[in-house]
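Sequence order for the protein chains is A, B and C.
Going by our numbering, the residue at position 172 of the first sequence is 1157; the numbering climbs one at a time, nothing skipped.
Going by our numbering, the residue at position 331 of the second sequence is 336; the numbering climbs one at a time, nothing skipped.
Going by our numbering, the residue at position 30 of the third sequence is 44; the numbering climbs one at a time, nothing skipped.
In short, the hints are calculated from the structure, not lab data.
Note that the structure is predicted; figures quoted are calculated from it, not measured.
Among these hints, one or two may not hold up.
[To be verified] On the chain A side, residues computed to face chain C include the following (Cβ under 10 Å):
hint, residue
1, Thr-1031
2, Pro-1040
3, Arg-1041
4, Gln-1045
5, Phe-1058
6, Thr-1106
7, Thr-1108
8, His-1113
9, Arg-1121
10, Arg-1168
Just so you know, even glycine gets a beta-carbon here, dropped at the ideal spot from N, CA and C.
Listed here are the chains, written in short residue letters.
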Amino acid sequence: MIDSLLSPAGPTSFMNGPQLWFANRGTGFVLLLLLTLATMLGVLSTARMSPRRWPRMLTQGLHRNVSMLAVTFLAAHVATAVADTFVDIAWYNAFVPGTGTYKPLWLGLGALGLDLLIAVTATSLLRHRMSHRPWRAIHAAAYAAWGLGLVHGLQMGTDAGSPWGAALNYGCIAVVLAAVLARLGLLLRPKLVTS
Amino acid sequence: MTAVTTVLPISPQGSPASATAPLRLVRSEARMDPVVTQGPALLAGITAGPGLEAHRHRVGPAARPSADELAGWARAVDLRGRGGAGFPAAIKLVSAHRRRAVVVVNAAEGEPASRKDAALMALAPHVVLDGAAAVAHGLGTREVHVVVPSELPSVRAGVAEALRERVCAGERVKWQLHDAAARFVAGQASAVLELLAGRENLPVTTWEPATISGHRRRPTLLSNAETYAQLGHLARVGPHGYAAHGTAAEPGTTLVTLRGDGWDPSVREVAYGTPLADILTRSEMGQPLLLGGYHGTWLKPAQMQALALSRADIAEAGATLGAGVLLPLTAGWCPLVRTEALVDYLARQSARRCGPCRNGLPALAGALGDLVHRGGRVGPVAELCGLVAGRGACAHPDGTARLVTSMLTRFPEEVDLHSLGECRGGGQEVFG
Amino acid sequence: MSVHTLRVDWPSCQAHGLCAEILPEIVSLDQWGYPIVHEPVSGQVLDMARNAVKACPTLALRLTQASKRH
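All chains should be built: construct the whole structure from the sequences, respecting the hints.
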């Protein structure tokens, strides 16, 4: 790997070599973890628990920070995919679903997820400039983006076939499912009357 | 000088409200028709029928003062809103006098014990509509919305007919008729604006007064139907004519509803300064009086003897006239039992939009029920009153707290008795 | 020194309680989790009040200049 970096061809062979592809896969997995964590924290933020030891601000703050970190990794994931020449992915394939030549359907799901996350991020940065209901409706698309990213990862890569890859995916599904069920369980409690 | 009219039918045909939450405050589910008596100003023409021709024959053509002129007159006679808050009409007129204003006539009258607006709209609609048209003309607008209660279809039909008559007569006003939901909070100002906006007829938080930013963010003059009737009368006769009735400090008349949710409700036009003894029967003067309706305050007989229907007098006695609802306690009944039944009803009438009201009013009703029926303590009741007041989008919790607080203040002996499990009066079989 | 009032948009408030965490000097919670605003906002607390307004998950808080209710 280092030989190819130090070869006279320089950056070209860096882009030709497997490094960017590894980086793309790596960022992909971390992105899945971060998005799962962000989704879980988002679900818990909406729950009206009364924590004596856990400040509500902390859950909200973590949700925001983890989400921003996920967006950063998403940018890196897209950049590495586009820069890498091993597989032909143009920059606009990342934003317009279905235009890619390599696994267009599964790549397209990723692109759709990216589009949704752009909308979610933009509206969240401008949350105070818009009214709450439309913001919330768009924010709900984050669930879809998470799901699309999961399926995109399962189908695009080869790692999902491996035991640890499968375990990671199932683990992420389990975490989000558990958070949603816990939230629904809290909703059904008659203790606090909410509208 | 007043002639008693025959009972004119303005009863509901199948009130939807009674289907879901039966009023335990009257002996039958159906509301009784009020007896409406001819009056000196607003109700002067009811014997001739509600038609436009008879109205014009009596009062002549519609008055067209400028907004400044009308506001000046309203200030001169200290004309207050008749919807319960008593806000000075002149201030609203001046504030709404901007481009593209909207006029809203609120006859929704959500309170079951108030029948005056229904009486006005059924028997003297053109008195109200003349006022609305005069205000619209003064503000330079043609857009007037009229809101009527949906549970009184005969009233709605009468108003629709009156509007038709005016349009046929060539009046250049764009009238729009709306139906308010059959609930207590439907007549609240922000709830009415929501109805006009096509949303649910429930209160929302008001960040700016309606005269600044109301219907579609336009300057909106939203007032009670009787307020428009008063303004119309004022526009026609001027401040001196207006002061022909009432006192020097409080000129004019006001409509009151007596025993509005009982067996024999009546609506009367009363001049300010009229002694209570001239309005209530001798027997009623010896009973506690709930003044101002379900959000009102109690008065004891001792306070009532020398009291006149004057805003200043009533304020000094620690009460408010509200929307002119007088509810004398039936002889022999217990004011605590009556109040508890009212609070139970008011709790069920919460719009359920605001947490402190949605949770607090049922809790208050429960604590009051404990106090009145199960020997409970005053502490929780007083605490909950403090907790619900001022913490909602509308004044529903505030009014409920006011009612309970006045009960605790006026009847400390009865409260003590009840905490020992005793009661001096009856009425349990109707209310309890 | 300007005095502001922290006002709650009650239909929007879902009792998440972040305001009471950020502004314990002025805001406490009732037994159902809804905020009780005890005093007007001024001076040192103003910055934290602005944070509370930004942090509310349902945007149910507003800082207004006028000190009287409508």
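Hint by hint, here is what the structure shows:
1. Thr-1031: 7 Å, holds
2. Pro-1040: 5 Å, holds
3. Arg-1041: 5 Å, holds
4. Gln-1045: Since chain C brings a Cβ to about 7 Å from Gln-1045/A, closer than 10 Å, the hint holds.
5. Phe-1058: Cβ of Phe-1058/A sits 25 Å from chain C, so the hint is violated.
6. Thr-1106: At 17 Å from the nearest chain C Cβ, Thr-1106/A fails the 10 Å test, so the hint is violated.
7. Thr-1108: This hint is violated: Thr-1108/A lies away from chain C, its Cβ roughly 12 Å from the closest one there, beyond 10 Å.
8. His-1113: 6 Å, holds
9. Arg-1121: 8 Å, holds
10. Arg-1168: 13 Å, violated
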